[in-house]
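**Q** Please build the complete structure, drawing on both the sequences and the hints.
Sequence order for the protein chains is A and B.
For the first sequence, counting from 1, position 88 maps to 88 in the numbering used here; every step adds exactly one.
If you want the numbering used here, it's the position in the second sequence, counting the first as 1, plus 111.
Please keep in mind that the hints were generated in silico from the structure rather than gathered at the bench.
Any given hint could be a false lead.
[As the list claims (entries may be wrong)] Derived DEER-like restraints, expressed as beta-carbon distance ranges: (1) B/Lys168 / A/Asn27: 17 to 27 Å; (2) B/Ile123 / A/Gly16: 35 to 45 Å; (3) A/Asp55 / B/Leu122: 23 to 33 Å; (4) B/Val225 / A/Val78: 43 to 53 Å; (5) A/Gly60 / B/Thr125: 22 to 32 Å.
[Claimed, not checked] Residues from chain A shown here face chain B by an in silico Cβ test under 10 Å; the list is partial: (6) Tyr32; (7) Lys38; (8) Phe62; (9) Ala93.
Cβ atoms here follow ideal geometry from the backbone N, Cα and C, with glycine treated the same way.
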Amino acid sequence: DQQVKQNSPSLSVQEGRISILNCDYTNSMFDYFLWYKKYPAEGPTFLISISSIKDKNEDGRFTVFLNKSAKHLSLHIVPSQPGDSAVYFCGRAGSQGNLIFGKGTKLSVKP
Amino acid sequence: KAGVTQTPRYLIKTRGQQVTLSCSPISGHRSVSWYQQTPGQGLQFLFEYFSETQRNKGNFPGRFSGRQFSNSRSEMNVSTLELGDSALYLCASSLEGALTGEAFFGQGTRLTVV
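**A** What follows is the structure, encoded as structure tokens:
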């Protein structure tokens, strides 16, 4: 049972435009939803998280939206930069501290 | 402050062998989790150790095991290696568990089984 699902394996965006990465989840009993970014040959790095009691969390160019009725999570990057090109994983933190991730979306930002 | 260190970075093993991977967490972090990354399955949780005890376990066969030492360093062992075990193995550390979603990952160990 894949509790967190990223349906788009890849996304291509022009530099300066908005990147929107999407994620769906099946179980509502999570405390935190999160996004990580991964470059090749590096470990994932934490990007941003959102508590399940909130609808939105913002950190600079990155904003995460949580739509609880639709069980949908999205990450907006505005404006997109070539350095944002990476694989993005959405996930959730369980009550005991383990992380469950989707399969990832590869974002390519074209100059 | 040093980050999470994983050794070795690369390994090539033969089917049927066993392998041990090591992870040194950030100083002061007591939780260490292990993940397997493959192209088809993304990042999959293996297990988490906290204060030398396995606290959480993912859906992997018993060939995958781990332990944590008193200094929080952790090792992961895979016995009777199969070709499908070829993957990037990542460990992540956090103070007491990634309850708010934030953990710090190492660069990983790339395991190739031939």
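**Q** Against each hint, give a clear statement of whether it holds in the structure.
**A** Okay, the hints, checked on the actual structure:
no. : hint                           : in the structure
1   : B/Lys168 / A/Asn27: 17 to 27 Å : 18 Å, holds
2   : B/Ile123 / A/Gly16: 35 to 45 Å : 43 Å, holds
3   : A/Asp55 / B/Leu122: 23 to 33 Å : 44 Å, violated
4   : B/Val225 / A/Val78: 43 to 53 Å : 45 Å, holds
5   : A/Gly60 / B/Thr125: 22 to 32 Å : 47 Å, violated
6   : Tyr32                          : 4 Å, holds
7   : Lys38                          : 8 Å, holds
8   : Phe62                          : 14 Å, violated
9   : Ala93                          : 4 Å, holds
Hint check: violations occur at hints 3, 5 and 8; the rest are consistent with the structure.
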